[in-house]
Amino acid sequence: MSISQFKYSIIPEEAEALRREVRAFLAEALKGYPAVKRAYSWMGFDAQFSRLLGSRGWLGMALPKQYGGGEASPFARYVIIEELLAAGAPVSAHWIADRQSAPLILRFGTEAQREKYLPPICRGESYFCIGMSEPNSGSDLASITSNAQKTEAGWLLNGQKVWTTNAQHSHYMIALVRTGDKEESGRHGGMSQFIIDLSLPGVTIRPIADLSGNEHFNEVFLDNVQLDNDALIGAEGNGWGQVTAELAFERSGPERFLSSIALIHTAIAAIGKQPDALQARDIGRITARLVTLRNMSLAVTQQLSEGQNPAWAASCVKDLGNVFEQDLPEILQLLVEDQPQVGGGSDHAQVLAYLTQMAPSFSLRGGTREILRGIIARGLGLR
Amino acid sequence: MRELFESTIERLLSDIATPEYVRAAEQNVWPADLWRALEENGITLAGAPEEVGGSEASWADLFVIVRAAGQHAAPVPLVEMLLGNWLLEQCGIGSRSGILTVATDSTLTCSAGALSGELRYVPWGRNAELVVTVVTSDEGYDVVLLEPAAAERIVEGVNVAGEPRDILHFSAALPLASVPLPAGLSPSVLLAGGAMLRSAQIAGALTAIMTLTSAYAGERKQFGRPISAFQAIQQQLAVLAEQTAAANIAAEAAFAQSDTALATFSIAAAKVSTSDAASQATSIGHSVHGAIGFTREYSLHLLTRRLWAWRSEFGSSTYWSKLLGEAVCNAGAEGFWPLITQSHNEQLPISE
Numbered sequence: 571m572s573i574s575q576f577k578y579s580i581i582p583e584e585a586e587a588l589r590r591e592v593r594a595f596l597a598e599a600l601k602g603y604p605a606v607k608r609a610y611s612w613m614g615f616d617a618q619f620s621r622l623l624g625s626r627g628w629l630g631m632a633l634p635k636q637y638g639g640g641e642a643s644p645f646a647r648y649v650i651i652e653e654l655l656a657a658g659a660p661v662s663a664h665w666i667a668d669r670q671s672a673p674l675i676l677r678f679g680t681e682a683q684r685e686k687y688l689p690p691i692c693r694g695e696s697y698f699c700i701g702m703s704e705p706n707s708g709s710d711l712a713s714i715t716s717n718a719q720k721t722e723a724g725w726l727l728n729g730q731k732v733w734t735t736n737a738q739h740s741h742y743m744i745a746l747v748r749t750g751d752k753e754e755s756g757r758h759g760g761m762s763q764f765i766i767d768l769s770l771p772g773v774t775i776r777p778i779a780d781l782s783g784n785e786h787f788n789e790v791f792l793d794n795v796q797l798d799n800d801a802l803i804g805a806e807g808n809g810w811g812q813v814t815a816e817l818a819f820e821r822s823g824p825e826r827f828l829s830s831i832a833l834i835h836t837a838i839a840a841i842g843k844q845p846d847a848l849q850a851r852d853i854g855r856i857t858a859r860l861v862t863l864r865n866m867s868l869a870v871t872q873q874l875s876e877g878q879n880p881a882w883a884a885s886c887v888k889d890l891g892n893v894f895e896q897d898l899p900e901i902l903q904l905l906v907e908d909q910p911q912v913g914g915g916s917d918h919a920q921v922l923a924y925l926t927q928m929a930p931s932f933s934l935r936g937g938t939r940e941i942l943r944g945i946i947a948r949g950l951g952l953r
Numbered sequence: 061m062r063e064l065f066e067s068t069i070e071r072l073l074s075d076i077a078t079p080e081y082v083r084a085a086e087q088n089v090w091p092a093d094l095w096r097a098l099e100e101n102g103i104t105l106a107g108a109p110e111e112v113g114g115s116e117a118s119w120a121d122l123f124v125i126v127r128a129a130g131q132h133a134a135p136v137p138l139v140e141m142l143l144g145n146w147l148l149e150q151c152g153i154g155s156r157s158g159i160l161t162v163a164t165d166s167t168l169t170c171s172a173g174a175l176s177g178e179l180r181y182v183p184w185g186r187n188a189e190l191v192v193t194v195v196t197s198d199e200g201y202d203v204v205l206l207e208p209a210a211a212e213r214i215v216e217g218v219n220v221a222g223e224p225r226d227i228l229h230f231s232a233a234l235p236l237a238s239v240p241l242p243a244g245l246s247p248s249v250l251l252a253g254g255a256m257l258r259s260a261q262i263a264g265a266l267t268a269i270m271t272l273t274s275a276y277a278g279e280r281k282q283f284g285r286p287i288s289a290f291q292a293i294q295q296q297l298a299v300l301a302e303q304t305a306a307a308n309i310a311a312e313a314a315f316a317q318s319d320t321a322l323a324t325f326s327i328a329a330a331k332v333s334t335s336d337a338a339s340q341a342t343s344i345g346h347s348v349h350g351a352i353g354f355t356r357e358y359s360l361h362l363l364t365r366r367l368w369a370w371r372s373e374f375g376s377s378t379y380w381s382k383l384l385g386e387a388v389c390n391a392g393a394e395g396f397w398p399l400i401t402q403s404h405n406e407q408l409p410i411s412e
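So the protein sequences, as listed, match chains A and B. For the first sequence, the positions run 571 to 953 when the working numbering is used. For the second sequence, the positions run 61 to 412 when the working numbering is used.
So that you can see chain B by itself, here it is in the shape it has in the complex (with noise of 0.2 Å):
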């Protein structure tokens, strides 16, 4: 399932998302025939049940899908659809078609059934025809199913890389579905899987970043050879390539490991990694290209403005890692390594 996958959305990312059409949806036209071929093609529902016309794929089935969103900039709530479905399949409310995304910062509170809050820097809020979100209830938390065209209002915002980060308000409004979150799932678990999504897409972006980077490098002629002859700029490539594999195979482990209950401490080490990473890859890629990269007109920024956006949305490097270290000291020093060798079934308790 994951080669079809991957065949199918590179094929399609390729056809459609191209710069210029990444170019075009970050002035805020809301790219239909992407979506519609995505739809046509079961990669927004295929994580869903196969009665919806889903794939059922699991996380690690997904992880290509994510990384290859990442590494074309598709400038669609994607990832964010797959996640959403995830969580209500989770809760028994179920999967939804259409154009759905996902809220981690919220303010809202239940009264009588009723919402009222804000829900912030919602991906894609004002294109999204339903919003998935964990809310404070009398009894705990619920998640919730909501309409944005619901709010009382939309303030568009958008973050480096030009994609949507709404503020929805509302006002007493009635979710379409509220039931409680489930035992075992945490009220941050949006915030986790957010941050899996996330360290997916940037190691995709910074695939992206290495091919374009080294092709450049080997085109671009200076004191009469190409600029990749040089040693100085061999070894900053070295350096691109070990963080790219570096952050690659960090969001993998991280989503096959999540197959059963997400695999939090693994995506805390993931986003971790890949943040970190991101910020080396987009200085590289940047010094290697010249003025160039620096342009409008070259594609180069359409990764690494992505870069410095996701790199921090769903919990900064230093977020997870300071999750992370109280876990790691909790378990002193005796308990470090035996920490590292079993991290794939290791839990870390996130509190927002």
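Bound conformation, chain A alone (with noise of 0.2 Å):
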């Protein structure tokens, strides 16, 4: 790996051409939509506006046409994506099955699950979660204890999953869990991934609360749940690879450096159009750091578009923009006096009092700061 995977790209001008189209649809279906339900970011649940996305064919975009996608290229998935985001669009119902769920089972599925799964998602009707942490399993998650073992019927299913973004919203889970010895199969093996319907018997998911009162991830149960031999997802043994290959997607994205892209609009708007020196020279640095961000961004899409693995570019851009995201809130309380206020307030005071809250949350979402910087040195070569 070398940073000179790191080239400049530029969007493609067909993709480019989806943006005046997105941005007029956006200015339209969420106007008057508050600053605040924008901070919520890919946090922000309307399965409504899912299904107006969907009519519009700007969900699985990159899928076959056969199953109800677009075939667009990569980067005109980025045009539409960081659209939705800048603009602090509720994407959160579709946005795991989009985004990794669909390109998995595209991959990985069976011509069936890809007929029956698919097209759901690209209608934005269904909408997945991602099983991967246990209580003892975060960082290390190939020490997972979730298992299903083999029946008659298909599969038995025990274990927990927590952390896990949107479950109660959610039809199926995606989850990695041991099918082999861990003694026999060595560390990296023994492990499978299945499609979960939640709404079986057996699945228990209770939301819990974060620091800030919300609900928005969950511990789920799984108690003798009986699953059919389909529910397998690739090859059994094969989830460790399969998961792998899905965090390339999972921390390849613009939501990696934007979650924090409202307060930035709300400072702008206090500062005005006159912004003193200290302003001045925080928000043009912020501006900067974000500029160059979405060109690293950028250069991961062209690897995708390659047909490359971005694994590596994907893991620097997500810690450099996990920095960015938590740092905004810290730059941004300094510039504006104008205190964080939960209830009431200005849309700046509540945005930032929302955000302030939510950072600490960046860097653990979809890999730790150690363990992506671990994955970089790696890359190096140094381990």
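One or more of the hints may lead you astray.
Unchecked claim - Each computed EDC-like pair below joins lysine to aspartate or glutamate, with the alpha-carbon atoms no more than 20 Å apart:
1) A:K635 to A:E685
2) A:K686 to A:D767
3) A:K607 to A:E785
4) A:K635 to A:D710
5) A:K577 to B:E99
6) A:K686 to A:E584
7) A:K607 to A:E876
8) A:K607 to A:E940
9) A:K601 to B:E394
10) A:K752 to A:E685
11) A:K601 to A:E806
12) A:K601 to A:E591
13) A:K577 to B:E66
14) A:K843 to B:E394
15) A:K686 to A:E754
16) A:K720 to A:E806
17) A:K843 to B:E406
18) A:K577 to A:E876
19) A:K601 to A:D616
20) A:K607 to B:E394
21) A:K843 to A:E785
22) A:K720 to A:E754
23) A:K577 to B:E70
24) A:K577 to B:D319
Hints were generated in silico from the structure; no laboratory data involved.
Make the complex out of the two chains shown on their own, each in a separate frame, by following the hints.
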């Protein structure tokens, strides 16, 4: 791996042409949508909005047409999702399905699985969550103990997942569980992925309130859940490899540096057109960092469009992006004399209150800072 | 053309501009053989028209030359010459051969066609045969081409990396050429162009620090294993890689977007991103190297001292971020995101 993977790349014209259309759509669809809700970014849930995007052809865009997709380039999808994120559109319902479940099912699923799951994802009707972390397995994902035992009818699933974003709103969870003995199959062997219908008997979902009182993530209990044979996705025992491939999608997008953009908007509005020297300097530096991160992200998209695996470069962008989106509340609370306020207060005060409290999660979800930097170091040949 | 430039300059600088060579140049020795090699291979005139021996390269192609100059700490005004000749082409004076530099910090005034005052902080002013600058004239601004030999006095100075940064005093000196600054060019054109150059040199130096520091961490053993085996070191090197990647793409974007006119919005973003990256990278480079990296003998300082100089030259991170911030606030909250997605086409109002 080397930094030469970051080749300056531009968005092709046919993809750039979508921008005007999506901007006009969002200006209309989000008219009067409050700033604090825009700050929810890809944690804002609105099933109706997701279906609206589906009807526009903006979900599953890169999928083959036979499954309801648009066969669009990664850059076309990039333009749509960065516009959605910049506007603070409520995209959480379909986000994970569109970003990583659909590509995973397309790549590793059987024909029957593709036909069953992909078209409703493209319509914005079917929502997915990711079952990876467990109470005793966070960064050390290979230590999971949830397991599926082969039965005559299919698989019997037992265990527990935690920090599962959107499980309470989702139809399916794609879970990584153990299907083989750890001693026999090696540290990264003996794991498989299943598509779990969350309405099945034995599945219990309990939301966990975060420090702000919001309920985004959940604990999911799996007690003797009986799965059909076709719940297995990909090859038995290949779960680790599949998850690694999935993480390239999970970590490569602009949502890894745009989570706090709503606060830039409210800060600029609060500062006005005549910034003082400090405000000008800090807003300018934020702008430079954002422009550079976006160029890095476009380089990752270029790799995707060339069919390469951008996992290493994506880790660089995610880590640098998380630092950026966590810095924003810290920098911007010093630029405007307007204290954070949860109820009442200005748009800026409310968005500041929300994002200040959310910021710690930015470098936890999708891989912690230390794990990402470890991946980067490995790519550099240091470990 | 880019590949050819890259392999040529890489070969020349690897062969000639060794750490010992750069150290010698810091002792006020003009590196005549390096300059001759660059001239003979067409690098000094890479951007100039073919009829004067150039390759008519665009900034997008020249990027690799400028970055390599930074990567090898080339102790010559190569990048200044590329910029000076670019401006001479833009205004119709035409490219010159020889040793040419640029000046942005000026008190020169023009009276009856003669120039008096100072050019300050001129890169290799003592060695240059020609210097390009922009002066205030009765009608506005002129691009002028001067001979340092015509200076009444030269006060030699060096930046923190020992690179010549001289003051040239002129008293009623006649320029070799003087033409009005073309419409569409800012009087700060050399400042913006210089910021673009330094951003690519910084990216190059960061790349070299990255290589040097990773290699050192793999060789140096403590507690019975290479220090690169320690997570604390790995995490620092990961950040160094991120900052190096950020600096490289920021600088490349500025060059790639400056084909028709200098892309000042992207140049500002590049100078801020690279200057800030320089601060982090020098700190990590020295931290990982330990005491050996702090010695005169080891070559890390040939890069880090240049970064400490270059991040401040042609406008610091603060200078450029303030300009960006003023433009962004002026566009308002609604205008912010469109400005980001159109940043490659945006111009900044620059006034000195």
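Structure-based check of each hint:
Under the criterion of a C-alpha separation no larger than 20 Å, the hint pairing K635 of chain A with E685 of chain A is consistent with the structure, at around 11 Å. A threshold of 20 Å between alpha carbons decides the hint, and for K686 of chain A with D767 of chain A the separation of about 12 Å falls inside it, so the pair holds. A threshold of 20 Å between alpha carbons decides the hint, and for K607 of chain A with E785 of chain A the separation of about 14 Å falls inside it, so the pair holds. Of the supplied pair hints, the one linking K635 of chain A and D710 of chain A is violated, its CA atoms being roughly 38 Å apart against a limit of 20 Å.
The straight-line distance between the Cα atoms of K577 of chain A and E99 of chain B is roughly 29 Å, outside the 20 Å bound, and the hint therefore fails. Taking the CA atoms of K686 of chain A and E584 of chain A, the gap is about 31 Å. The hint is violated against a cut of 20 Å. Taken as a hint, the K607 of chain A and E876 of chain A pair is broken in the structure, with Cα atoms around 36 Å apart against an allowance of 20 Å. Using a Cα cut-off of 20 Å, the hinted pair K607 of chain A and E940 of chain A is violated, with the two alpha carbons roughly 30 Å apart.
Distance check on the hinted pair: K601 of chain A and E394 of chain B sit about 13 Å apart at the alpha-carbon level, within 20 Å; holds. Note on K752 of chain A and E685 of chain A: the hinted pairing is violated, with a Cα-Cα distance of about 33 Å set against a maximum of 20 Å. Distance restraint check for K601 of chain A and E806 of chain A: the Cα-Cα separation of roughly 48 Å exceeds the 20 Å cut-off, and the hinted pair is therefore not satisfied. Our distance criterion of 20 Å between C-alpha atoms is met by K601 of chain A and E591 of chain A, whose separation comes to about 16 Å.
Between the alpha carbons of K577 of chain A and E66 of chain B the distance comes to roughly 15 Å, so the proposed pair stays at or under 20 Å and holds. For the hint pairing K843 of chain A with E394 of chain B, the CA-to-CA distance comes to about 12 Å; that is within 20 Å, so the pair holds. Simply put, K686 of chain A and E754 of chain A have alpha-carbon atoms about 34 Å apart, too far for the 20 Å limit, and the pair is violated. As the CA atoms of K720 of chain A and E806 of chain A are separated by approximately 11 Å, the hinted pair is consistent with the 20 Å bound.
In summary, the hint linking K843 of chain A to E406 of chain B is supported, as the alpha carbons are separated by about 18 Å, within the 20 Å threshold. Using a Cα cut-off of 20 Å, the hinted pair K577 of chain A and E876 of chain A holds, with the two alpha carbons roughly 12 Å apart. Taken as a hint, the K601 of chain A and D616 of chain A pair is honoured in the structure, with Cα atoms around 15 Å apart against an allowance of 20 Å. Distance restraint check for K607 of chain A and E394 of chain B: the Cα-Cα separation of roughly 17 Å lies within the 20 Å cut-off, and the hinted pair is therefore satisfied.
Restraint check for K843 of chain A and E785 of chain A: the C-alpha separation of about 37 Å exceeds 20 Å, so the hint is violated. A distance of roughly 17 Å separates the Cα atoms of K720 of chain A and E754 of chain A; the hinted pair therefore holds under the 20 Å criterion. The hinted pair formed by K577 of chain A and E70 of chain B meets the criterion: a straight-line CA distance of about 19 Å does not exceed 20 Å. Distance hint between K577 of chain A and D319 of chain B is fulfilled; the C-alpha atoms sit about 18 Å from each other, no more than 20 Å.
The structure does not agree with the numbered hints 4, 5, 6, 7, 8, 10, 11, 15, 21 stated previously, though it agrees with the rest.
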